[in-house]
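Chains as they are written, first to last, in our numbering: chain A, -12 to 770; chain B, 515 to 750.
Any given hint might turn out to be false.
Here are the simulated lysine-lysine pairs, DSSO-like style, with alpha carbons at most 30 Å apart [unchecked claim]: (1) B/K651 x A/K456; (2) A/K456 x B/K541; (3) A/K418 x B/K651; (4) B/K651 x A/K333; (5) A/K754 x B/K541; (6) B/K584 x A/K333; (7) B/K651 x A/K188; (8) A/K198 x B/K588; (9) B/K541 x A/K334; (10) A/K139 x A/K418.
If you anchor each label on the Cβ, the simulated ranges turn out as follows [as the list claims (entries may be wrong)]: (11) B/Q551 x A/T259: 54 to 60 Å; (12) B/S592 x A/R324: 40 to 46 Å; (13) B/S724 x A/E135: 44 to 50 Å; (14) A/A737 x B/T667: 47 to 53 Å; (15) B/P684 x A/E576: 16 to 22 Å; (16) B/M617 x A/V132: 34 to 40 Å; (17) A/D757 x B/R572: 46 to 52 Å; (18) A/P404 x B/M617: 40 to 46 Å; (19) A/V340 x B/W547: 51 to 57 Å; (20) B/S724 x A/E622: 57 to 63 Å; (21) B/P684 x A/R734: 15 to 21 Å; (22) B/V743 x A/R727: 23 to 29 Å.
Since the hints were derived computationally from the structure, they do not count as laboratory data.
Glycine residues also receive a C-beta, built at the ideal position from the N, C-alpha and C atoms.
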Amino acid sequence: MATATTEIKVTPEIAAEHGLTAEEYSRVKQILGREPNITELGIFSVMWSEHCSYKSSKVHLKRLPTRGKLVVQGPGENAGVVDIGDGLVAAFKIESHNHPSFVEPFQGATTGVGGILRDIFTMGARPVAVLDSLRFGPIVAGNGVSEEDAAKNRRILDGVIRGIANYGNCFGVPTVGGEVGFESCYSQNPLVNALALGIAKKEDLFFAKAKGTGNPVIYVGAKTGRDGIHGASLLASAEFTEESKQKRPNVQVGDPFMEKLLLEACLEAMQTGAVVAIQDMGAAGLTCSTTEMASRGGTGVEIDLAKVPQRESGMTPYEIMLSESQERMLLVAEKGRERKVLEVFKKWGLDAVVVGEVSDGGLLRVKDRGKLAAEIPAHPLAEEGPVYRRPIAQPALRRETAADWFAFSADGTDLTPNFAKLLGSPAIASKRWITEQYDTSVRTNTLAGPGASDAAVIRIKDPETGVVKRALALATDGNGRWCQLNPRVGAMHAVAEAARNVAASGARPMAATNCLNFGSPEKPEVMWQFSEVIDGLTVACNELGTPITGGNVSFYNETLGKSIYPTPVIGVLGILEDASRVLKIAFREEGDVIVLLDGANSVVAAQHAAPVPAAEREFSSSEYSKAIAGIVAGEPPAIDLAVEKRLQEYLVALAASGAVRSAHDVSDGGIAVTLAESCFAAAAQTTGPGLGAKVNLPEESAPAEYALFGERGARAIVSVAPTFLARVLESARQYGVTARQIGQVIRGDAFRIEHKGSAVIDTSVAKLHDTWAHSLERTISAR
Amino acid sequence: MKFGVVVFPGSNCDHDAFYAIANILKKPVEFIWHQSQDLANCDAVILPGGFAHGDYLRTGAIARFSPVMKSVEKFAKSGGMVLGICNGFQILLEAGLLPGAVMRNSGLRYICRHVFIRVEQTDAPFTNAASQGQILKVPIAHNDGNYNADEATLADLERNRQILFSYTTPDGANDAAGNPNGSLHNIAGICNRERNVAGLMPHPERAVESALGSADGLVIFQSLVESLVTAAKATA
């Protein structure tokens, strides 16, 4: 294919090789009114690939709520945009780079970060933060995982981490959060989802709409090479087989330095007032950027490939149009003022060349040294691609009996050893070894970096005066295991937890972005999962007031016919009206009262002492069940969004009032892990003796393991100065939140949890900390 | 009094240094483009952190040839105050304005975290507002911060009291436990023999507000301001 020239005659077989079905191919002919040439076929094949056209997901995505008071721009542009007050807006979006990251972890991850950053500054926003949601196969051998596979997964993890670090650190954006998860299903198919956030003045926003006949179209940035040809269509739109390694040349190579220059030059060029529209060249490169700009603007675009800066000689129109070389931009300038724009790029040492112009008639017209290489109506190419309502079938119910479920230990069992094991498991263990490889503090806005608060918190400096008033909080979440067990409920949990994390930092959740990672859409069971997840997201986003403003869908996450768990990753953005009121997870003072907040009112909370069989079923989907017993079964905890909403609103109010000293939501690993992390974070704050905790759990009738490690949502643990306690308990009542004193922050190293009158965990913070803090590093370096 | 912050292609802590000076110290500051040879009458020049020219060769190896470096060199030779932070330090080393070199971190990974550094000398314009032995909590963020020099150079640095900052544990021990990157003698920052040019790997400009985790870096900028005030008085 790489040697294709315009002389190759297109046959149905060649169309099939390009991934076009017979029906799609006849549609191509219908739109053109003739046979396509090979370049045109290539253009259609990338534009109509799953990755670019959303042909299998479109009918479902329509159900997502995308509107809201604060939403300035919903899905359909390079990024979603929300109003953050004082004339400023935040642009944010999450995107996957899963397939490239498996084939070539380092470059796959770098270009994933590079792509999402371009999406942000294309809108005229300066990137201020990146988060990464990552999933890998098991990195520890055992439980059916061979050492060879574990080692391979460690190598993938290492490459991905280095890639993310390499790009973000050099570009100069802090990588401040995200999550890392491990499940067998990601062994041959890691997930690398990168989220970027940028800030702009509302009046300075840019859109990708080609306007003004005769306006010059300018190509900017890196030269075009043969790398990444068909990255979107071949790599991201098909599952993996044994031959996937041969796809390595389809992975693009990232150059963060070039992107940094591009960022500065683009923002400066936009300030000249001579830029009409701008679009980055990501998936499907020059093809996608020209087509989409023309289609959105209701115009045509005409370009001459001879003018496109090229890295190598002898490239065919097919190759130039389909190249996915990174760090390139296409912009439309105002005719007669293009010199101003070109000068800016020259100053930054970047190639900037007028390659064509905006035309009327709605055609994408590609010339190569005077010869017509392609001529396609832009709007049908961009918008009238195939749309599939693929078959949906609920998979057969898992046959499950009580024997499959987690069996609780007898009352009074010492749970300390299991707790230590849980803290050392890769999913729960500290990710500091990873996050220390990221520059987390560049741009001096990071109020809460990785692990400091439940969400990453970035303050907003006024672009002109530097004055700080508000802050933005961001969190990502997505529990693939829960979505596998119940896609709809799992998806609701993903939204609820990301929003709860944001609220626990003190910020009011305002909008969301989603990255939907699934198996092959050609499988009815996968489409069922997808549809269920969309329904779950819809309900949860509506209820929690976080409309979806953008994101992407990644299908074909399967290898050798086996799909990953359905993994929707949700990023929630929130706003903190007072940047000085950030809530962090660390306990702060000896003698503070530890209070468990529960969105459920006391009646429900009492019922929550669920009958043992139901508790076993729910608990079998927990991190503890997986880490300690190797059991993944049952159902995710039931979710009540009204209850979630109450808790979140209360957390935001608590932050604003300054009544609590710390806040940390209860999630993976339950209350015990939440408490331990608040102690660990306290230790990181001081060089002297740290803080411990003494707790007596109230859930009297539930088994101890359920009370300590259960993961039911809508809960958080706060620490409160004794003088504020009465106030907190009273205001909790007003918000309909159950607040119960469960213990005290103590000076020293003791960590003790009692249940039903006996100590079920009794150890020292230092011992627990050692396992938790160093487990990941020890696992990775013990080869 | 005016500060200048040089912008190389790939500098990414230029805004942070600018912000620290303009918004925290509230002193005049302007950016100086790397192709300019005009230092705009600045009284002190800061070479900021980042990845100048991508650092695809040795760190700072290309940036040192930027036109602005000719002026910086002249400025330094005439006694002007120059501070290199992180990548700026690496550029000063490459330019020969400071002795020694930095290598890849001993752990072969990029490290970003708060570290503790001890102020070793207070008779330099970069440290005179600090107290001898003061421990500062400041972040590092680098791949190549492993300071290295031959024995003779190290001996010179010690003899001439050019080591301004060394890595320590939180309680002030400058042993291996406090050394994040393998630097010889735990060196975090040095000055030239004339004491008007200094460089350090940690980022004091990221430690000027307690909201960001530490305000300990402020003392370095305050020292500079005081030195400039004193110098201005001397010439007045």
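For each hint, the structure was consulted:
1. B/K651 x A/K456: Roughly 26 Å separates the two Cα atoms, so the pair holds.
2. A/K456 x B/K541: This hinted pair holds, its Cα atoms lying about 21 Å apart.
3. A/K418 x B/K651: Given that 30 Å is the threshold and the Cα spacing comes to 22 Å, the pair holds.
4. B/K651 x A/K333: The hint is violated at about 41 Å.
5. A/K754 x B/K541: Answer violated: A/K754 to B/K541 is near 48 Å, above 30 Å.
6. B/K584 x A/K333: holds (22 Å)
7. B/K651 x A/K188: Violated, at roughly 34 Å.
8. A/K198 x B/K588: It is violated: about 50 Å lies between the C-alpha atoms, which goes past 30 Å.
9. B/K541 x A/K334: Holds, because 28 Å separates the two Cα atoms, which is no more than 30 Å.
10. A/K139 x A/K418: Roughly 19 Å separates the two Cα atoms, so the pair holds.
11. B/Q551 x A/T259: 54 to 60 Å: Once the Cβ atoms are compared, 25 Å apart, the range 54 to 60 Å for A/T259 and B/Q551 is violated.
12. B/S592 x A/R324: 40 to 46 Å: The hinted range 40 to 46 Å holds for B/S592 and A/R324, with Cβ atoms some 43 Å apart.
13. B/S724 x A/E135: 44 to 50 Å: holds (49 Å)
14. A/A737 x B/T667: 47 to 53 Å: About 51 Å separates the Cβ atoms of A/A737 and B/T667, which means 47 to 53 Å holds.
15. B/P684 x A/E576: 16 to 22 Å: holds (20 Å)
16. B/M617 x A/V132: 34 to 40 Å: For B/M617 and A/V132 the Cβ distance comes to about 37 Å; the hint holds.
17. A/D757 x B/R572: 46 to 52 Å: violated (38 Å)
18. A/P404 x B/M617: 40 to 46 Å: holds (43 Å)
19. A/V340 x B/W547: 51 to 57 Å: With a Cβ separation near 23 Å, A/V340 and B/W547 fall outside 51 to 57 Å, so the hint is violated.
20. B/S724 x A/E622: 57 to 63 Å: violated (46 Å)
21. B/P684 x A/R734: 15 to 21 Å: Given about 19 Å between the Cβ atoms, the range holds.
22. B/V743 x A/R727: 23 to 29 Å: violated (58 Å)
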